[in-house]
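Asks: The primary structure of each chain is shown beneath.
Number of protein chains: 2
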Amino acid sequence: MAETARIAIIGGGFIGRSWATLFAQHGHEVVLQEPNATSRAAMFPAIRASIDQMAEAGLITEAAGDVLDRITSVSDLAAALDGADYVQENVPEDLEVKRALYRDMDRLADDTTVLASSSSSITCEQVCSELAGRERCLVAHPANPPHLLRAVEVVPAAFTSETTVERTVSLLSGVGQVPVVIGEIDGFVMNRLQAALAREALALVSAGIADADAIDSVVKHSLGLRWAFMGPFETMDLNAPGGFEDYALRYGVPFARLFGEDRWPVGAVASVHASRRKACHLDELDDRRNWRDRSLAALVRHVRQQKR
Amino acid sequence: MAETARIAIIGGGFIGRSWATLFAQHGHEVVLQEPNATSRAAMFPAIRASIDQMAEAGLITEAAGDVLDRITSVSDLAAALDGADYVQENVPEDLEVKRALYRDMDRLADDTTVLASSSSSITCEQVCSELAGRERCLVAHPANPPHLLRAVEVVPAAFTSETTVERTVSLLSGVGQVPVVIGEIDGFVMNRLQAALAREALALVSAGIADADAIDSVVKHSLGLRWAFMGPFETMDLNAPGGFEDYALRYGVPFARLFGEDRWPVGAVASVHASRRKACHLDELDDRRNWRDRSLAALVRHVRQQKR
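Which chain is which? The protein sequence lines are A and B, in order.
First residue of the first sequence: 1, per my numbering; consecutive thereafter.
First residue of the second sequence: 309, per my numbering; consecutive thereafter.
Hints are not guaranteed to be accurate.
[What the hints assert, rightly or not] SDA-like cross-link-like pairs, simulated, lysine to any residue; straight-line CA separation at most 25 Å: (1) A:LYS98 <-> A:LEU77; (2) A:LYS98 <-> B:ARG378; (3) A:LYS98 <-> A:GLU56; (4) A:LYS98 <-> A:SER129; (5) A:LYS307 <-> B:ASP418; (6) B:LYS615 <-> A:SER129; (7) A:LYS307 <-> B:ALA465.
Calculated from the structure, these hints are not laboratory results.
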């Protein structure tokens, strides 16, 4: 894809506007399509407010007007897709709505245009399997809002081409995102992890062990601060002398028993340990722990300084 | 408890040293008991390194030497408990080891001395039910390390007195911690939530959906950044126009179905919503969302500026 691509954003709601902000901030030419006139009128003031907030936080230095100049709005789908290199779709999570839209987009867009969906739950397989151009379709599910949070779950269907995945990953990396290619599964990774934590938290509330405030306090003053810069596996990897495998030896059985299971799955433990060792050799673990401790102290100071 | 209390820390390993650092930093007189001479010799250099790291991060301004002057080390348990207002125990997670120690502590300590355990899994009920002074015993399980992370799970047994809980909460709040009183359950809240997330993450690895690196990337560039300053329930509360109850209407069923369940537990949803409304009325939600967005942008900037 060219350094400056033409990006069509379909749907001018919260997520669509945030995508438009992100792509325009990084120099791309953005066409933001929204059929509803009232919603369309609200888009630019909302985007401007996002840019102002980023400027206030020191995340952007370019003048808001210059970023906004790279975004145009249209009501018509065909006009949005005309000449687009990449399409990011953000319509409601309704299978029939998405299917009808993708039939139109597949007909209107150039053969090589990537059609990416922001869907948080509906898979590409469900929406696109009947399309002639299904190989250029996939899901690119962002964290919310994508102009601030970098994670994007890139979820190809079995029929999605390698080229489509590569072009999507390349485009998203180029605008500072962290695209993560994963397999198709209900809820993808982000919402499955969120739902697993929420399920246990609600069970603790149901059992009268803790209320919502207690649970939020525990997470934000402990696990959340580690997961904010390491994620759960690196956190555990650094919390045992011999890395994740050692952690699993120490805590795998008691943690599994909390949920009526005997142990953690052996193959998954080996896989996680192998991934971690690619990122950080055993003899580098102590250096990494020093990095973690410095990062944690700096993060704690940052959070304590913020207004409540 | 007096403004300046005498604190006995039992066990000079990583957690014991961190507790000693925290209490001494806040002006208390600390006696750190460690029977092993080699471990005892290593304690002060390690504590000094922690204080230096805090100073580097701007978390402490007092000279390290002044903080260290408030910590003395002893090998003998009786000497440590002599005149102690509060005891924080940090011996290995071995039921028989803890039982033997608590028999000695209950005999040696003043009647009014609080005996708090850093145990991450063994409950006060298991260790202390036979003791004459069991009403002054409880668990105070810290996040690791307590001199940086504020969450402390305060877990009384059925026989623990109200006064013991109140004195513990007051002392911990006074040194800047966030004590959270919860009911007794295996793993308490912190490790149950960590284990629930780890369980789902390992299942995704087992199923070949994502590897460890992908999962860590998704969490640290999305959920982790929100949980670091809000916790999971406030995150969800702010993510639906009508608060948590509205969020549950939108996502409760699809999230529950990921785990083969029909819906989220109705009573728990109502309880969480009620807790959230005590913290933030419905008509204050928009202000709180603005706070969230500013906090998130500032946190994102902080994390991006840190060295990898």
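Asks: Provide an ascending list of the numbers of those earlier hints which the structure does not satisfy.
Replies: Structure breaks hints 2, 3, 5, 6 and 7.
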